[in-house]
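One-letter residues, chain by chain:
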Amino acid sequence: MKQSTLIWTILMVAGGGFLLFQTIDKKSGRVYVRDVPVEAKSSVEGAEQAVEWTKTQVVPEAEKDQPGVKVGLSRTIGLWVAALCTLAIFSFLYGDNPIYKFTESVFVGVSAGYAMVVAFWSEIIPNLFGKLFPIQARDIFFLELNEGEMTANLWYLIPLAMSVLLLLRLSPKGSWLARWPLAFFIGATAGIRLISYLEADFVGQLQNTIMPFVVFGADGNWQIVESLKNTIIIVGVVSCMVYFFFSIEHEGFVNYVSRLGVWFLMVTFGASFAYTVMGRIALLSGRLDFLFHNWLGIGL
Amino acid sequence: MKRTIPLLISAVTGFVLIGTAFIPKFVDWGNTAMAWFNILAAFAFILGGGNLLKMQLQKISAQQPGWGYAAVTLIAFFITLFVGLFKVGVHPNINAAELPWSGDFLEEGSAFWWLFEYIFYPLSATMFALLAFYISSAAFRAFRAKNTEATILLVIAVIVLLGRTYAGEWLTGSWLPEEPIMGFKEVYYSDFRLPHLSQIIMDVFTTPGMRAITIGIALGVASTSLKVLLGVDRSYLGSDQEA
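Keeping their order, the protein sequence lines are chains A and B. The letter at position 229 of the first sequence is residue 229 when you use UniProt numbering, and the numbering goes up by one with no holes. The letter at position 199 of the second sequence is residue 199 when you use UniProt numbering, and the numbering goes up by one with no holes.
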């Protein structure tokens, strides 16, 4: 056995032993729930109360000895599955391994299925089926529709037809027909983006940059710090724009200005990098908090 | 015809949506186009699922290396699809008890919610968290103060990183007093504490760079959109051989 394999095996066994100890002795890795009765009424006027059921409510571990509180089996299994999935992904740090590949495959499958289900229930049913067959949509799926929306809108046959054409992309012979909905997609994106980017980003940013070099307060005094801030921002934006202006040679004075622009850009990239790192570290600490606090029950 | 009709569709759709910003009469048309766009986007997810299915089945039938993982993907895909589409474990809406499909598909306690809460979310969060290790290791290897620009980037990154954590307060919180610097009534020694310095960098020095980049992106998007709508850029249609 290789030395590294031996070390990892010992670590894994020790980790497994610790988990067993935590689970059996400390009773960690459990989710406690309480049953809450739900009374449901019929949507049909005059009908009597139709169904009753119970839903489970998660309770803090401190209340586990109270009456009516029990271990929620599905949530406890879920907690363990989530923890083992987290560890399986972290196992990639040791190297590409079958456990990671298995979990990655599960992730791909679940993600694709999740996206399809969300698209189906949140878009296709209310906004396509609901427009074409409003009465059925109300009677089957309990879509809350206004009186004016109760007649079928046949214009929605066009997106339905385009959607079918889009799915033809998977067919070897009819895939060229998928260009039509794709063209609609591209055209709509271009149309929306053209206006929104020009309005919010181009004009908006220019407007925000047009500000006074010299700032005076309400009492008439010269606000040195505010003036300096504005000057830095204006000079910075102009110098960065000069750097991005490639139609003239960056020589002489232009070269100095564009060099200043590069410095401003470096400050931006440095700060952006720091923010990205911090975002990832925050996610990492979130996962570690889940493993130690939620799963193992170790207070942090 | 294979290329003309798509060009026409994209031009008409795009210009109608542009027109909604200038002509009030077009506003309803724009809203309708947006609703259609959202429906097509939803079908694009179904297309994506179908494509995944096709690729994984090809992998399995050809018994390519790692075909077992393709089978795992398919099983996970079908289970998610089944529990989500059939709303397994979802109770009816509280106001429509006789309609079994009236409940929310993401209702807490349902099978689909379980898959999201205990598989999808932990896996996606951990995948992104894993990048923390690689981004740090890449930075450690790549960051060198070789010239002025690299030094600025390095110094700013360190200041912002320290300033946005407790380390910044711990390093500079105590020995920089809250007293004005001699000759400047508005500037205090405490302004040079790392958290404050980091805030100033974000507010004053990062803004120009972000603004210039944003303006550049906006101009780029506008010109690319116009090229697409006028039919100058047809790359999205692919080649004729593809059809």
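Bear in mind the hints are in silico, worked out from the structure with no lab data behind them. Hints are supplied without guarantee of correctness; some may be wrong.
The list that follows gives simulated cross-link-like pairs (lysine-lysine, PhoX-like), each with its CA atoms no further than 25 Å apart [said to hold, decoys possible]:
#1 Lys101/A x Lys185/B
#2 Lys64/A x Lys41/A
#3 Lys59/B x Lys229/A
#4 Lys173/A x Lys59/B
Where chain A lies over chain B, by a calculated footprint (3+ residues, C-beta under 8 Å) [to be verified]:
#5 14–26
#6 37–44
#7 77–90
#8 144–154
#9 174–181
#10 211–223
Bear in mind that the values here come from a model prediction, so they are computed numbers and not experimental data. For glycine and all other residues, C-beta sits at the position ideal for the given N, C-alpha and C.
We went through each hint and held it up to the structure:
1. Lys101/A x Lys185/B: Violated, because 62 Å separates the two Cα atoms, which is more than 25 Å.
2. Lys64/A x Lys41/A: violated (32 Å)
3. Lys59/B x Lys229/A: violated (59 Å)
4. Lys173/A x Lys59/B: holds (22 Å)
5. 14–26: holds (count 6)
6. 37–44: holds (count 8)
7. 77–90: holds (count 7)
8. 144–154: holds (count 6)
9. 174–181: violated (count 0)
10. 211–223: holds (count 11)
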